[in-house]
Amino acid sequence: MNKSATKSKTRVNGTMLWSFVSLFTWVLSRVYLLEFEYAKTLGYAIAMITLIPFAIFLTSIFKDVSSVDELERQIQLEALAVAFSLTVLGLMALSLFQMVEPLSAENWSFRHLVPMIYITYLLGLLKARVRYGISSSINEDAQQ
Amino acid sequence: MKNSIKVERAKKDMTQGELAEKIGVSRQTINAIETGKFVPSTVLALKIAKVFGTKVEDIFILEEED
Chain A
73 MNKSATKSKT RVNGTMLWSF VSLFTWVLSR VYLLEFEYAK TLGYAIAMIT
123 LIPFAIFLTS IFKDVSSVDE LERQIQLEAL AVAFSLTVLG LMALSLFQMV
173 EPLSAENWSF RHLVPMIYIT YLLGLLKARV RYGISSSINE DAQQ
Chain B
2 MKNSIKVERA KKDMTQGELA EKIGVSRQTI NAIETGKFVP STVLALKIAK
52 VFGTKVEDIF ILEEED
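In the order they appear, the protein sequences are chains A and B. Heads up: the first sequence is residues 73 to 216, going by the working numbering. Heads up: the second sequence is residues 2 to 67, going by the working numbering.
Treat the hints with care, since some could be wrong.
[Unchecked claim] The calculated lysine to aspartate or glutamate pairs, modelled on DMTMM-like cross-linking and capped at a C-alpha distance of 25 Å, are:
no.	chain 1	residue 1	chain 2	residue 2
1	B	K3	A	E107
2	B	K3	B	E65
3	B	K56	B	E9
4	B	K3	A	E150
5	A	K135	B	E22
6	B	K48	A	E142
7	B	K48	B	E35
8	B	K7	A	E109
Keep in mind the hints are simulated off the structure, nothing from the lab.
In isolation and in its complexed conformation, chain B is listed as follows (with noise of 0.2 Å):
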């Protein structure tokens, strides 16, 4: 599964770790889910997504492999 988020961070100007402070977990577990070596919840997914404004599906994308 890709994800967009770093793209996300960009347009908003945000470290991995104020979205981690946003969202209340560790710099490192936004850096895993980034970087696609770890799959959040779906708790953890919709935070972000409502950090960023947008639709779950829109910031995790499922691949062909998934």
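Looking at chain A on its own, in the form it has when it is part of the complex (with noise of 0.2 Å):
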């Protein structure tokens, strides 16, 4: 692998971690806010806390697109479509169910997107690697 790719790869790979940090931070702070008992400020300032690896998640995923090649930024740009459409499907659906009853924080609500966000753009990511052969063309590389 040349050495562009392979810090393309690393690149993909930190915003990859970044993801999952700020995911785990997220579910991390929801369950102190929920189930302990905090000061109003404690409270907001977790909650500010929580956005800072989001931020850096972000502003990797910015950095990729700019440094790895065509192929995988097509790639990159179909995971996000597809974790954008589905977003805003699953806020559409919510806020016309909202219509019909007040939505539980226990059962659906706004703040289940915020996972479905990760997982949709970690499906789109599956999908288009898929589509592309990425996947399937791991064991070829001995053969070329």
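Dock chain to chain to rebuild the complex, using the hints, since each chain is given by itself in its own frame.
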């Protein structure tokens, strides 16, 4: 693998790492804010701190787009398109459901869209990689 | 769109990795182009043609359905 491809792959792996860190931080903050007693100031501080890994994740994605080759750029774009469109679909559905009856925070509500964004992004990434034969081409390395 | 990258590589005894290295993309990108799963940009197509010392239209050929 050439230097630029290795660099791009490292950067993409960094983005994946930050996506998991931000998801993990979000889950931890959510559990703490729901299950424990705390002062309002501390609650807001925890909420703000949770945004930091997500902001780093976003910055990392923007850097990825400018450093990866055009196939990887296409794959990322398709993954984000899947995540964005399905999230909009979720938002539309939930806003309509809310008109029928107030949504319970314990069951399906707007905050459940956050993990859905990650899941749909990863699904989109998988779909695009399969489409362009990235997963199946790994075994061909030795033959080429 | 079909292409003759595999044939051109064979002529020059070049692996996908070596071609990828020369034009600054990943080997997976070359594989996706070669198998017709991904259509490269004009710049990339020109770079590939330059490596093989041919014209772009000799490597990338339009088909009926394109």
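Going through the hints against the structure:
1. Under the criterion of a C-alpha separation no larger than 25 Å, the hint pairing B/K3 with A/E107 is inconsistent with the structure, at around 59 Å.
2. Taken as a hint, the B/K3 and B/E65 pair is honoured in the structure, with Cα atoms around 11 Å apart against an allowance of 25 Å.
3. Between B/K56 and B/E9 the alpha-carbon distance is near 12 Å, which keeps this suggested pair within the 25 Å criterion.
4. Distance restraint check for B/K3 and A/E150: the Cα-Cα separation of roughly 23 Å lies within the 25 Å cut-off, and the hinted pair is therefore satisfied.
5. For a cut-off of 25 Å, the pair hint linking A/K135 to B/E22 stands: about 22 Å separates their Cα positions.
6. Taken as a hint, the B/K48 and A/E142 pair is honoured in the structure, with Cα atoms around 13 Å apart against an allowance of 25 Å.
7. Between the alpha carbons of B/K48 and B/E35 the distance comes to roughly 14 Å, so the proposed pair stays at or under 25 Å and holds.
8. As the CA atoms of B/K7 and A/E109 are separated by approximately 65 Å, the hinted pair breaks the 25 Å bound.
Going down the numbered hints, you'll see the structure goes against 1 and 8, while the others check out.
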